[in-house]
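So you can see what is in the structure, the chains are spelled out below.
There are 2 protein chains.
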Amino acid sequence: MTQPHLIAIDWGTSSLRGFLIDNGGKILETRASRHGIQNLPAAGKEGFEQAFIALCADWVTQYKILNAVTCGMVGSAQGWVETPYVACPAGTDTLLAHATAVEAPLGVRLLIAPGMKYLPEGGAPDVMRGEEIQIAGVFAIAPETRHDALIVLPGTHSKWARIRDGQVESFCTYMTGEIYDALSRHTILSRLLVAPNTCSDDERRSAFEQGLSLASNGGTGDFAHQLFSVRTLGLFGHMPQELLGEYLSGIVIAQEIISGIAKFGADDIRVVGEGPLCRRYQDAIRFIGGTPPILHGNTAPAGLFLFATTAGLTSQGDHETGQLRTG
Amino acid sequence: MTQPHLIAIDWGTSSLRGFLIDNGGKILETRASRHGIQNLPAAGKEGFEQAFIALCADWVTQYKILNAVTCGMVGSAQGWVETPYVACPAGTDTLLAHATAVEAPLGVRLLIAPGMKYLPEGGAPDVMRGEEIQIAGVFAIAPETRHDALIVLPGTHSKWARIRDGQVESFCTYMTGEIYDALSRHTILSRLLVAPNTCSDDERRSAFEQGLSLASNGGTGDFAHQLFSVRTLGLFGHMPQELLGEYLSGIVIAQEIISGIAKFGADDIRVVGEGPLCRRYQDAIRFIGGTPPILHGNTAPAGLFLFATTAGLTSQGDHETGQLRTG
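Which chain is which? The protein sequence lines are A and B, in order.
Under our numbering, the first residue of the first sequence carries the number 1, and numbering increases by one thereafter.
Under our numbering, the first residue of the second sequence carries the number 1, and numbering increases by one thereafter.
Some clues are possibly wrong.
Just so you know, same-sequence chains aren't split out, so a pair can sit in one copy or run between any two.
Below, computed lysine to any residue pairings styled on SDA-like, alpha-carbon distance capped at 20 Å [stated by the list, open to error]:
#1 LYS117 to GLY234
#2 LYS117 to GLY237
#3 LYS263 to THR220
#4 LYS64 to ARG34
These are calculated hints, taken from the structure and not from any lab test.
Using the sequences plus the hints, can you model the full thing?
As structure tokens, this is what we get:
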């Protein structure tokens, strides 16, 4: 095993994930904890310190780690130390210039990456916290994206980010995951949706695509009407009840993708994240936009390593094109 | 007081409203009860009978009422007797032809109006139950609408209905009220929304119109992004927290109106219902469609009376243009 050199932490609202990384960017060990910023073992600064110790005290003492980097809600107003948003356009250098250093327990210096804000002229502000590091991770893993790419990060609050010349030029948040969750759990639709047990993958995909198709043929504001079709298709027996959730998912996700493609185009889309949701987005973008996007996995550790390298915390020479080797 | 002649009941999911009406359509007394079909005093048929007795036994015995009419969820599969939907185009005569007669307690014959379904070619079915009688009520109150009108019934599941030649030609349901409720109570926005205490009516109207304006300038699928602006406007202090609920309401209602006007046009819109929600729709339709709609109140009793007249249960001669006199 190569020498552990750096601790990277993706610190979110409900959980955190820690990565032990060597000087070249190889991930040596991964850990997760429930100590998200809304779930700390104690209030305030002490809670963050205890969570840090619980996650990685043995890493620090065993390997004499001096530096750690982190991103996400840990830098929010409710975080360890508030690290204000930097304005777009912004790149990894900008993140570093506005990072906050914290004296963490056991003598570790912890660098908190700021989030990003986008202030469109005449429009409402937009914000992200954590995704900017996942985007940096795409730069590290797929350097060709630095010049020009469209990065999509599906989730509770999905982000679409336009990349130009190594910077996030603009981005747009969609509350898609939260809308799906609220609709499927807290409306009349909740009683209709049952988990598919007897349906084949093909049937599920077909129901999902039927939802995509309905939304694709609709216009502005039709969403609230399309949702009602989830009920009537069930009521009239036009779709097995087990498939209504897939159909609803198709409608809700399609709305985001139609809007995102209208704003940003459909060329060279990169989807970032893990799990079935990202494959769902991949399918939906292909269905609606006509081009199959490339799927990158969880790019947060690669992004945190690039951030650390930009900060001079690793000996990676060419951090502009430095690739993370996942071990 | 003129002689009571007919009992009319608007029987919904969570409540019912009873009207004692004379032979000319004048409402002599109004009562409400909590015995909606999901809140009956006993299970099945017995529950409906008990609720009927509790609501109006004294009316029946005191005035020797022989006939009653009802509409709404009482005719659903979970209702007193299922009364299947009739297909559009359909008018008051069609409702009568497919009504169900029930031998209610105390020797009363109760006529249940069916709901309506609309089966667009190649599209998902749509349904209403209760609104078809409210629409009949608009015919009774404003006979000029029989020829050609667009009737909007705001609510949990708003309806837009195109009227031609005395019939509901087509209609469209929007789950707007339920979406607003689910979003404002079960997403991250719930923590931001506080009741306005210190803001003026003008400020509230302005925030509502800012929401309408945002949605009007958006495209298909932008809804999930527009919602996020509720959060960021609060986060950046661009709008007082007390006004965010008005702004959200503007966004959600505008979506429906943009879609409804795109489908049906904006000429001669009639808004049906009571309370502040309908005035909100009136304002929003004027803002988006450019024409001020006429606001009718609760037209259900007028519609039930027209239904009864069509059934020959009153001596109103000219039931085609018969107007209800509210007393």
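Looking back at the numbered hints, which does the structure fail to meet, lowest number first?
Number 4 only.
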